[in-house]
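Asker: Take a look at the letters that make up each chain.
Number of protein chains: 2
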Amino acid sequence: MKTINAFDPSALSSLPERRQALIQRRAALLGPAYRLFYQDPVELVRGEGVWVWDAEGQRYLDAYNNVVSLGHCHPRVLQALNAQSARINTHTRYLNEDLLHYAERLLATHHASLNRIMFTCTGSEANDLALRLAQFATGGTGVVVSQWAYHGVTQTTSACSPSLGHIASGMPQVYTLPAPRAYGQGDVDVGAALAAAMDHAIARMHADGVRPAAFLFDSLFTSDGVYGAPAAFLQAAVARARAAGMVVIADEVQPGFGRTGTHMWGYQRHGIAPDIVTMGKPMGNGHPMAGLCARHDLLDAFARETRYFNTFGGNTVSAAVGMAVLDVIEDEKLLHNTDEQGRYFAQSLQSLAQRHACIGDVRQFGLFLGVELVHQGDARRPAAELTTAVVNGMKARGVLISACSPQANVLKIRPPLVLQRAHVDFFIEALDACLVQLNTQV
Amino acid sequence: MKTINAFDPSALSSLPERRQALIQRRAALLGPAYRLFYQDPVELVRGEGVWVWDAEGQRYLDAYNNVVSLGHCHPRVLQALNAQSARINTHTRYLNEDLLHYAERLLATHHASLNRIMFTCTGSEANDLALRLAQFATGGTGVVVSQWAYHGVTQTTSACSPSLGHIASGMPQVYTLPAPRAYGQGDVDVGAALAAAMDHAIARMHADGVRPAAFLFDSLFTSDGVYGAPAAFLQAAVARARAAGMVVIADEVQPGFGRTGTHMWGYQRHGIAPDIVTMGKPMGNGHPMAGLCARHDLLDAFARETRYFNTFGGNTVSAAVGMAVLDVIEDEKLLHNTDEQGRYFAQSLQSLAQRHACIGDVRQFGLFLGVELVHQGDARRPAAELTTAVVNGMKARGVLISACSPQANVLKIRPPLVLQRAHVDFFIEALDACLVQLNTQV
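For the record, the sequence lines run as chains A and B. Here the first sequence stands for residues 1416 to 1857, where the numbers follow this note's numbering. Here the second sequence stands for residues 1416 to 1857, where the numbers follow this note's numbering.
Careful: at least some of the hints might be erroneous.
[What the hints assert, rightly or not] Here are the computed lysine to any residue pairs in the SDA-like style, where the Cα-Cα straight-line distance is at most 25 Å:
id, chain 1, residue 1, chain 2, residue 2
1, B, 1417, A, 1716
2, A, 1417, B, 1710
3, B, 1748, B, 1759
4, B, 1748, A, 1501
5, A, 1417, A, 1804
6, A, 1748, A, 1646
7, B, 1417, A, 1720
8, B, 1417, A, 1553
9, A, 1417, B, 1711
10, A, 1417, A, 1776
11, A, 1417, B, 1721
12, A, 1417, B, 1720
13, B, 1417, B, 1594
14, A, 1417, B, 1722
15, B, 1417, A, 1711
16, B, 1748, B, 1840
17, A, 1417, B, 1719
18, A, 1417, B, 1716
19, B, 1417, A, 1715
20, B, 1417, A, 1724
21, B, 1417, B, 1442
22, A, 1417, B, 1718
23, B, 1417, A, 1718
24, A, 1417, A, 1589
25, A, 1417, A, 1594
26, A, 1748, A, 1513
27, A, 1417, A, 1455
28, B, 1417, B, 1796
29, B, 1417, A, 1710
30, A, 1417, B, 1553
31, A, 1417, B, 1712
32, A, 1417, B, 1554
33, A, 1748, B, 1501
34, A, 1748, A, 1759
35, B, 1417, A, 1721
36, B, 1417, A, 1554
37, A, 1417, B, 1715
Worth flagging that the hints you see were computed from the coordinates, not collected in a lab. Computed from a predicted structure; not experimentally measured.
The following block holds chain A by itself, in its conformation from the complex (with noise of 0.2 Å):
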């Protein structure tokens, strides 16, 4: 399984020195499954913002890391930390006001149903305890993913990740749904196409004596692509999976935390209410944590049959530094800075468009971005080859980006959330000339 954007081990010789050293060095100190960004891997060093600065000096613009969303060492997220580290660091087996406080702020922007917390330190363990709750409600096993979904790295969340390539035999059984894609694809209605896969599903999974369980998705299907529109395809769908007597749970750990501009969460902007809701990477701004929030009864058949306790999950510094994150968020007013900014970043990339026949699709929502390459603007000839390229040039001049897509010829582009004017222009004119070059060499 070839993953998107990675180093490709016997280009080693054409590198610099230290990085050919550093890269030997951790071939021979970590796990192989591991892989490295880029045909010139970057070692970075500082980061503040925007931006971010490799071991040379030289300085990128971090367009992919979702993690920090409030942008590199926020100050306030860092104050928390240290403060918070520096009293007490302990777990949920002690009370913690700060927890309570967190817990009901995080709550309170969600849908009213979704009306108690469990805390993990991972997306994965999160989308993990979802299935478990799923399968405790439930008593089944069927799980229906998107195509090329990635929801984590335990083994029953790898299970669900067809982007991993790998589908382990066993429990979940795992039955896919086709991206909701609208590029390309003429007039098609996008939620009566993913209603009638779902419909599929079901059937398959009768006809397989499978008792479905849930329906587990990214409500912008990152890893298929990017397809987030128009607003609301999900709401078919869904209705079908729970009909079918599936738990419904929406996966935020792209979506979440206002990445989308409009809404807090993805769900939110389907119309939807799940009954799980997973949330992970910039719950923290880079601090490690994540959770869920789900439906009390869900949680009920749960508890019934065993108890859960998480280490780190939910300690006293998780439930600081996470209330730093929501503060920023809303004191810097991030959901109105991203929904600005994204459309200004859609509009230029749609007036790059217009002279670079390459970009196919731009597909924005909020601060995530999705911008299919293809040959001659013509939907059905995926240009993966460029992509790379893309994104390699891209570094070149001083941007972070990656791809994704089973084509590989969608750059993936998530700044972080205090994105401005500027910074965009930058991204505009790197990727301009980087396309220029590209069709030059072409």
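With chain A held as given, fit chain B onto it using these hints.
Answerer: Frame of chain A, contents of chain B only:
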């Protein structure tokens, strides 16, 4: 499934007002699978070294929390956390020399055959990944664990955790061994008994048509009741497991990072070389980090089929914090201190046992102690109620401990490794007074 030392919500009305309010608020916010410790739960607000303070200013000797094994709020760990968080916090898809330093340093403490490392956030994730590796390497699904084992909260690791009271059907298929118990068993050969139990588990697997995948153990058998003597008793069972094709996985989340005093890792006490070793809790002295090291060939089988990326695992901050933890263990000579104070602790408990017949057995491995409470010195008569009373009585006297074992009659004592003789004396005095009072009450 009753959790040992869990707060009983029916006793709510007897508590002070503030705690009642916090507990009610907590119940309305957090999932019901969470448990609080103690009959009157503690609200901890400050920690320093071996001491913690509650919201009312009451001080406790923390003789339970093995995450902060260097002591609460260790200044060198805080310094590393703060400094690196302010520089950059990013992941393993970029190069980071500090992570390589750390990996080298950590691997150097392990058996030479364990030559590759992978980073996660939690021990659950590390054990989950270890089981995935075992499955890829063997094509098997059968896992052997101890009867009351605890290995994590993911779907896969919770299925390998009979102490949670729920074994999921499906995969992995779990076979259990009785705890390696000598107390009250006459002159049993613990190692031979464990090897015979392993033979029996292998025979059951074969009879069920299940291919062996892994033997997963905590070499202190902590949740089973703390069993670690005589050192080397694991050798025969490990040899049988390996001969049957199992991958041998040492879960060092409890015994690792010097907890046993004589060795950095619990498996080293037994003179065995596992195929995979998982690490967690104390790795970051509170910062969420965990990982595993393994033989290269095991990781190769996995890497051929899939890739692995853990957003927070092995990030730049974890590398800096992890390194500080290793520095402190070395510079403060914590293995030596652990060995010395642990022996003194055991001697003091043995003296106490002369005067309290309820202390049936003292099992001590560095600063992990299990004290088995029984009626009238009779190993066959576990004193679970007394154990609960002691745990709560010790809290009232300013000492935090908990309990373990299927009979819930073993005091679980795991103070920070910076414990000093005066702290042991404080503990022993409290326990003496507590037992005197409880005996008077009987």
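Asker: Each hint should be assessed against the structure and marked as holding or not.
Answerer: Results for each hint:
1. B:1417 <-> A:1716: With a Cα-Cα distance of about 16 Å, the restraint between residue 1417 (chain B) and residue 1716 (chain A) holds, given a limit of 25 Å.
2. A:1417 <-> B:1710: holds, 24 Å
3. B:1748 <-> B:1759: With Cα atoms ~17 Å apart, residue 1748 (chain B) and residue 1759 (chain B) stay inside 25 Å; holds.
4. B:1748 <-> A:1501: holds, 23 Å
5. A:1417 <-> A:1804: The hint holds at about 16 Å.
6. A:1748 <-> A:1646: holds, 23 Å
7. B:1417 <-> A:1720: holds, 10 Å
8. B:1417 <-> A:1553: holds, 24 Å
9. A:1417 <-> B:1711: Within the cut-off at roughly 21 Å; holds.
10. A:1417 <-> A:1776: Given pair residue 1417 (chain A), residue 1776 (chain A) holds - Cα atoms ~24 Å apart, limit 25 Å.
11. A:1417 <-> B:1721: holds, 9 Å
12. A:1417 <-> B:1720: holds, 10 Å
13. B:1417 <-> B:1594: Status holds; Cα separation ~20 Å.
14. A:1417 <-> B:1722: holds, 9 Å
15. B:1417 <-> A:1711: holds, 21 Å
16. B:1748 <-> B:1840: At roughly 21 Å apart (the allowed maximum being 25 Å), residue 1840 (chain B) and residue 1748 (chain B) satisfy the hint.
17. A:1417 <-> B:1719: holds, 10 Å
18. A:1417 <-> B:1716: Holds. Residue 1417 (chain A) to residue 1716 (chain B) sits at ~16 Å (cutoff 25 Å).
19. B:1417 <-> A:1715: holds, 15 Å
20. B:1417 <-> A:1724: OK: residue 1417 (chain B) and residue 1724 (chain A) at ~14 Å, within 25 Å.
21. B:1417 <-> B:1442: Roughly 17 Å separates the two Cα atoms, so the pair holds.
22. A:1417 <-> B:1718: Satisfied, since the Cα-Cα distance of roughly 11 Å is no more than 25 Å.
23. B:1417 <-> A:1718: holds, 11 Å
24. A:1417 <-> A:1589: Between residue 1417 (chain A) and residue 1589 (chain A) the Cα gap is close to 22 Å, so the pair holds against 25 Å.
25. A:1417 <-> A:1594: holds, 20 Å
26. A:1748 <-> A:1513: holds, 23 Å
27. A:1417 <-> A:1455: holds, 17 Å
28. B:1417 <-> B:1796: Between residue 1417 (chain B) and residue 1796 (chain B) the Cα gap is close to 20 Å, so the pair holds against 25 Å.
29. B:1417 <-> A:1710: holds, 24 Å
30. A:1417 <-> B:1553: holds, 24 Å
31. A:1417 <-> B:1712: With a Cα-Cα distance of about 20 Å, the restraint between residue 1417 (chain A) and residue 1712 (chain B) holds, given a limit of 25 Å.
32. A:1417 <-> B:1554: holds, 23 Å
33. A:1748 <-> B:1501: Holds. Residue 1748 (chain A) to residue 1501 (chain B) sits at ~23 Å (cutoff 25 Å).
34. A:1748 <-> A:1759: Given that 25 Å is the threshold and the Cα spacing comes to 17 Å, the pair holds.
35. B:1417 <-> A:1721: Judged against 25 Å, a Cα distance of about 9 Å means the pair holds.
36. B:1417 <-> A:1554: holds, 23 Å
37. A:1417 <-> B:1715: holds, 15 Å
Checked against the numbered hints listed earlier, the structure breaks none of them; every hint is satisfied.
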